[in-house]
Amino acid sequence: MSAKVWAFALRSLARQPGRAILGILGVAAVGALLFDMLLLSRGLLVSFRALLDAAGFDVRVIAADAPAFARPRIADAEAAAAAIRALPEVDEVVSLRLGNASVTGPDGRAHDVFFLGADAQSRRRPWILLEGRDLGASEAAPPALVVNRQLAKALGLRPGAEITLRGDCARGAATAAPPVRFRVSGVVSFPFDEPKAMTAGTRLRDFGQTCGLDERGDVDIFLVASREGAAAAAVRSIRALRSDLHALSNDEIVARFQQVGFSYFRQISAVLSSITLFFGFLLITVLLTVSVNQRFAEIAALRALGFTRARVVLDVLAQAVLLVGTGGLLSLPLGLALARWLESILHAMPEIPADMHFFAFEPRALLLHAMLLAVTAVLAALYPMRLVSRLPIAATLRSEMVT
Amino acid sequence: MSAPVVEARGVTRTFPMPAGPVVAVRDLSLSIAAGELVSICGPSGCGKSTLLHMLGCVDAPSQGQMLVDGVDVSTLADAERSAIRLSKIGFVFQRFFLLPMLTAAENVELPQAEAGKARAERRSRTMELLDYVGLAHRAHHRPSQLSGGEAQRVAIARALANRPRLLLADEPTGELDQATGQQIVELFERVHADGTTVVVVTHDAAIAARSPRVLSMRDGRLEDGASR
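The listed protein sequences derive, respectively, from chains A and B. The numbering of the first sequence is the numbering used here, which starts it at 1 and goes up by one. The numbering of the second sequence is the numbering used here, which starts it at 1 and goes up by one.
Derived from the structure by calculation, the hints contain no laboratory data. Hints may contain errors.
Unchecked claim - Between beta-carbon pairs, the in silico distance windows are:
#1 Ala179(B) with Leu329(A): 30 to 38 Å
#2 Ser144(B) with Ser399(A): 21 to 29 Å
#3 Phe279(A) with Ala179(B): 48 to 56 Å
As the list claims (entries may be wrong) - Sample of chain A residues at the chain B side, in silico, Cβ under 7 Å:
#4 Lys4
#5 Ala7
#6 Glu252
#7 Arg256
#8 Ala301
#9 Ala304
#10 Leu305
#11 Gly306
#12 Arg309
#13 Ile393
Stated by the list, open to error - Far from chain B by the CB rule (all over 10 Å, computed), these chain A residues:
#14 Arg183
#15 Ala297
#16 Arg398
Think of the CB as a built atom: it goes at the ideal place given N, C-alpha and C, for glycine as much as any other residue.
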């Protein structure tokens, strides 16, 4: 379309500013909802994938494909970890034990703490150090502990401070072990932390002591880092080595969640996107149809003056594109603001990691948003374009004279 | 006599209606030579506007041939007829149909832009035409700021924008008072005097009487006795 078509369409829209603004605002609202639905459709998936990758491990090994609360632990973990570590595709294995503990705050109130023990011999950690020092491999007294920001803030902890934890790690059974005093070596971030969760981590040995565990060395999970992204090969080798264990790459975990856990969001998003687009389509079609109906005589006069059929049809299309384009641009900041607000509401739900987002921005969402709006603009313009293209010039001018 | 600018050969225009077809123009033949000023008059519904629409290529005859500059336009595609209208024919309507969002100058520029004229050429021609119709001082006014007579003069300037060979006007004074209508008729006479072929449809016998050639219509036919 040439510049004169766009300029003429713009002037046509500006002729009815109220109607044009109404259309643009309507498209902006529709576009914002559409944008949010697109962000929602893959938001959890994208942020979950980012979380998995951020932890620095691309394979996870568990004892059984069962929910966490009912899953057996990996027995004789030290030997199993050593065997997996020896595989050529594997760079590193970190054994992880998960549990709970309680700590008494300065106000005398007990706080529940998510407690985990990690293999301190490895170079990688299932957390990111923010302040202070990481756990050392050497024995020390009192044993070292890393805490997350929430726990540090709640108890006023800084590196070097001491804290007493009472383990609560046996599922459903009370722990008879005495409380253990730790020295905080650093403040860390645990990728899967909930926004308000208080979490602490220590070495496996100290975890066992706190929880009163025996020395059998059972762990909940192996976090495996493959060499040079050979995750799939590492998974195959681990399965061949230990068919009794369940090894899953990040890709497989994401694919599984995509099929099961996150498919609801995708379906909801698809339904709401379709409804949203339909309303956008109706809005633009109605606005343009009303506009065209009011301008029949004028369009017939333009045709009589020599405007071609294609030219007046393009004018309608250009108006639709301008309305939807302007509204679509406005919809982006509006959609992002709306997504932030909805995100804060959804994050109030329990057990949602702080770094997990329902609405995750991806360039493909932007592209899809633009494409869907463009298609809507064209579809919405079809009916008024048809009216204009079939407008009989002489009959319209004659009826204008009669009326 | 000059070669005809437009010629109708046995044209009939029938409109299908629920109660049966209505014949608006019946087997009519007519030739208008270059440089003529012709009035077509007759009572309402006699077919004069339908004839004008066929002469102006906005409607096609159901039967017969319509020739513009010797070319049979009855069989042309819509785009080709549009091109003829744009370059060879100017239209003036009873209700002006100026675009309200454009100024007088922009309205006059519009057909020129559509014809692909360069901006400088358009501007120059527009000011020349507005000056011609006595409205150079109103160039930047919108139609809503113009009187009926001024709006019609802008419409005439617009119709002349692409230097058409044929200017067609359908009841151009129908919306105007008598004095303003006289001014518009005088403007048409000036346009004619300057070399453009002009055809005016009117039901006003006084206006028709001022034309050198008057075609009187009744029931879709030219009245032989009443025409001169």
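Do the hints match the structure? See the list:
The given range of 30 to 38 Å is broken by Ala179(B) and Leu329(A), whose C-beta atoms sit roughly 53 Å from each other. Checking the proposed 21 to 29 Å range against Ser144(B) and Ser399(A) shows it holds: the Cβ atoms sit about 24 Å from each other. Checked against the hint of 48 to 56 Å, the pair Phe279(A) and Ala179(B) passes, with Cβ atoms roughly 54 Å apart. The criterion of a C-beta within 7 Å of any C-beta in chain B is met by Lys4(A), whose closest approach is roughly 6 Å, and the hint holds.
The interface hint given for Ala7(A) is broken, as the beta carbon of that residue sits about 9 Å from the closest beta carbon of chain B, more than 7 Å. A least Cβ separation of about 60 Å between Glu252(A) and chain B goes past the 7 Å threshold, and the interface hint is therefore violated. Interface restraint check: Arg256(A) against chain B, minimum CB-CB distance 58 Å, threshold 7 Å, status violated. Against a cut-off of 7 Å between C-beta atoms, the interface hint on Ala301(A) holds, since the closest Cβ of chain B lies about 4 Å away.
Using the Cβ-Cβ criterion of 7 Å, the hint placing Ala304(A) at the interface with chain B is satisfied: the shortest such distance is roughly 5 Å. Hint status for Leu305(A): holds, given a least beta-carbon distance of 5 Å to chain B, under 7 Å. For Gly306(A), the shortest C-beta to C-beta distance to chain B is roughly 3 Å, which falls under 7 Å, so the interface hint holds. With a cut of 7 Å, the hint placing Arg309(A) at the interface with chain B holds, because the nearest CB-to-CB distance is about 5 Å.
The restraint placing Ile393(A) at the interface with chain B holds, with a minimum CB-CB distance near 4 Å, inside the 7 Å limit. Chain B leaves Arg183(A) outside its interface by the beta-carbon criterion, the shortest separation being 77 Å against a cut-off of 10 Å. Once the 10 Å rule is applied to beta carbons, Ala297(A) is inconsistent with being away from chain B; the minimum gap is 7 Å. A beta-carbon of chain B is positioned within 10 Å of the beta-carbon of Arg398(A); the least distance is around 6 Å.
Checked against the numbered hints above, the structure violates hints 1, 5, 6, 7, 15, 16; every other hint is satisfied.
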